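From first to last, the protein sequence lines stand for chains X and A.
Going left to right, the first sequence walks through residues 1 to 533 as the numbering used here numbers them.
Going left to right, the second sequence walks through residues 1 to 506 as the numbering used here numbers them.
Among the hints, a few may not be true.
As the list claims (entries may be wrong) - No farther apart than 30 Å at their CA atoms in a straight line, the calculated lysine-lysine pairs in the DSS-like style are these:
(1) X:K496 x X:K169
(2) A:K167 x A:K109
(3) X:K432 x X:K31
(4) X:K27 x A:K167
(5) X:K79 x X:K169
(6) X:K177 x A:K449
(7) A:K449 x X:K31
(8) A:K109 x A:K36
(9) X:K169 x X:K396
(10) A:K449 x X:K169
(11) X:K396 x X:K496
Hints are computed from structural coordinates only; laboratory data are not their basis.
None of the values given here were measured: they were computed from a predicted structure.
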Amino acid sequence: MVITFSGVLTGILLTPIVAAVIILLLKDESKEQARIVAALAIGFTLLLALGVFFGYNVDEANAAADAGDTYFAYEDHVKWIESIGVSWHLGVDGISAPMVLLTSLAGFCGVLISWGMEDRTREFLAFFLLLVAGVYGVFLAVDLFVLFFFYELSIFPMYFLIVIWGWAKTREYAAMKLTLYILIGSVVALIGLLVLYFKAGQATGVYSFDFVDLHAAAQAGAFDTPFFSGSDATTARLWFPAIFLGFGVLAGIWPFHNWSPDGHVAAPTAVSMIHAGVLMKMGAFSALRVGVQLLPEGAKAHLPWIVFLALINVVYGALIAFRQRDFKYVIGFSSVSHMGLVSLGFATMNVTGMTGAGLQMFSHGVMTALFFACVGMVYDRAHTRDLPSLGGFVHKVPLVATAFILGGLVSMGMPGLSGFVAEFPVLVGLWKGPGFLPDPGWLTSTFNYYGTIALLAVLGIIITAAYILRVVGQVFFGVYNEERFPHVTPITLYDKIALGLLMFWLVLLGVYPRLMTPMIESGVKPIVSMLGG
Amino acid sequence: MNFSTDVQANGVAILPEILMTVLAVTVLALDAFGPKSRRRELGYLAGIGLLVVAVMVWLIGQWPERELSDQLVLGGMIRHDALAQIFRTMVILAGALSCLISMGVPRLKIRGDYYALLIVAVIGASLMSAAADLIMVFIALETASITLYLLAGYLRDDDRSTEAGLKYFLFGAFTSAILLYGMSLLYGFTGETNLYLLGNWMAINGPPDAPVVLALALIAVGFGFKISAVPFHFWTPDVYEGAPTPITALLSTASKAAGFGLLLRFLMAVFPPPELVNAFDVHDYSQFWVQLIAVLAVVTMSLGNVLALVQQNIKRLLAYSSIAQAGYVLIGVAAISTDRSGDGVAAAAFYLFMYVLTNILAFGVVILFANATGSEQIADFGGLARRSRGLALAMTVALLSLAGIPPAAGFIGKFLLFRAAVDANLVWLALIGVVNVIIGLYYYLVIVKVMYMNPAPDDAAPIPVSAPYRWALWLTAVGVILLGTVAVTPLLDWATDAAHALHVLI
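Produce the entire structure from the sequences given, and follow the hints as far as they go.
Structure representation (structure tokens):
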């Protein structure tokens, strides 16, 4: 094991944890100090994440991809639990670097937006910081034990944040449902991971949870041998669904999406932002890293039907969103729909589609964080989220209206905004289909399977436009009810900074996608070449 | 044959027991002849004394002269190896912490005889971890059991405590008899009492399967009672609920851990996997107990978890939870008999070590809570987070560890157990295990929810925590976190040493 330690990524990961401990040690009444510590800590990680993002060397990554090597930048690699092959191995590749940036953005804006939170502020911020640390850990982990450790670590602060500070009506139900769903998925994936660990160990003699070692074993064909002696089902084929769908629960893949709208709605605003904005990406990212990247043969066998689940996500999620009366549920179901596009992108198994999926993860993360921030700001003023009784809020909180409309345009894939540069490649990639014929063969010989899916997925985008416009009309335009909402205060400076920061990235990525596409491509290329595309 | 006759080696091997005997006698003497006003300090003496012994056992374990280990000493009665060291350390640590948390119970804290009995129970448990002869096994078991019967019924004016003592005694006496019958069968087959000679004889001469399986089953009853495995668990909820809370803590940690230490050594020495025996054409009885233990693991964790779901009393809930936890450890026991068999034992030893700390932490909180409110109902934990933030946080750490959520040590413990199971081709067992983890998470989280969410009763006052108690809880909680993060490697290496010690037969 080569020991390298640059410390940047460990710094990103440990800063929120240290800050959480400091905040817990503060006195009860020092709420303002707690807020400042939290904002400084996440602000610091935001700066580091920006540094990592802009310092990422795409050429080096591409060179490594062409040579067939794994590539991670800013590696920290030191001993942890040597006897079972676990090391503290962190690093970022082209897919995870934007995710780290997204996490820090959503986390920073989350702290700003909950500045006015008065109920047990210290605990709230401490748990919030732990949650952010858990999410960082998943995106930064190269060692898959570390990934799993932080995946589980993010579950319990999530539970607390929803059950204590959530919406009183559904928080107990939603928090427990969310926790159990995610845990069930993750432990099934864990067993899959253990199977891979031993299969790789038996084949290569190196028992290690390190992604680099497991990837080498995958390339050497360790997972393409029969799992049981005497049957022709390989390890990859047998365990891919467990791993991909196990992590996919957190990505809200149909029919395991049920926890997500309830969870989003019950959570307090800042937590919804992290939750829908980042946590769901964590599921998709883990499914990609552990599932698709280590088990390409399994991906080839199973993604052709999983693409159908993702299609249901896109269309069905959008339809349900259209039917909601509750402002926050609309956004909750829109996340289910948009995360379907991410899974669709993975399932294309070509560079165009997967790059689109990577962009969609970032774009949707920022967009949905913005949405939930807007919903929270409206709810704090109106104290209701019932769509028909709202209206005319553009006159009272114009910036919120602007932000929401911008987010809405991103959501429908308007050119010039990040949604377009993300969704368009996904659909193009889907139309092209993977570079090989999926089985069963009759599917592709009788009609254009992937083309049909792409056409149906476009339906989802049309329905998205419908529900977004409907919500915009009902909440922000129309007649303002002075009697019902007499004292509406303008939003605070912190709120404005948060909204501005999120809007900035949506526009920036829309007009200058080259900022991110080469990076994501460099991360996607090795996956696609493993898949044989 | 590696019997040691070296006087120094023999002395070191039972030095912890000698010191603890001295400690028990000192406590008794001070109780009888010391000044009455200073009796409350006996708890410090007993607790810190045991703590010192625990550290000493650990230091002996770190001794560089490895030839001291893996030897049968005192005529084959005791085996001095890493397995004995790690299990001794955890049971003595459990005893020490139980003494310290006893000082929060008004009716116990000034009783010297109580502390002396507790130390004797720990001596028994400590000997169980090292016993290598049928005679020694039985004596150690009874030393621990008889004192624990007394301790469970120690509060004579409390009906529930008396009932607990009697129930525990009746069950214990019954299963001891069955265990003894099984042992006598083994002795009858082989003419040996030393576990290692016995196992060697059986592996080479191969008595017929049926009587051996019968003996194995009878012995499993005795050990199953000690570790409260289903279906020998019926005493557990009632005794845990009725016994004084520090004794419940001791029963659920020291007694259980020692039972597991003994079980591991017994199974591996008497019915060894054939690849460990240094002879040709050996008989393999290990398949029988691997299957038996795997079945026990499934029923134990499933029943424990399902019944815990409906409990209203925190001590009963922790009783069922401890049954379920024993089920998880049994996964590790079942996963030991393969070519890389170190993993299952190491995982079980690691798990028990962190479980000892975790459970004592939980019971420590329960004691303080019950003292302040007079209640052990889960519903009354409402608002604990507002009444005492530290207590709620400590309880949360303990519950997360029991549930297996990082950064608490329970996560890595369960991870190691499931890893061992997958390694031993018991993927189905690991899958049943993870289903149980999910059921468990539900009831642990419900308690957390009650503490943080539900309103406190109207007359709720802040719960006072004395300074030594606060330190004990903090240290234990930090220990649970450290064992789950940065301190995994040293403990796991030690546990792996212990597992390898089991591979050295005669």
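Original post:
Which of the listed hints are broken here?
Top reply: 3, 4 and 5
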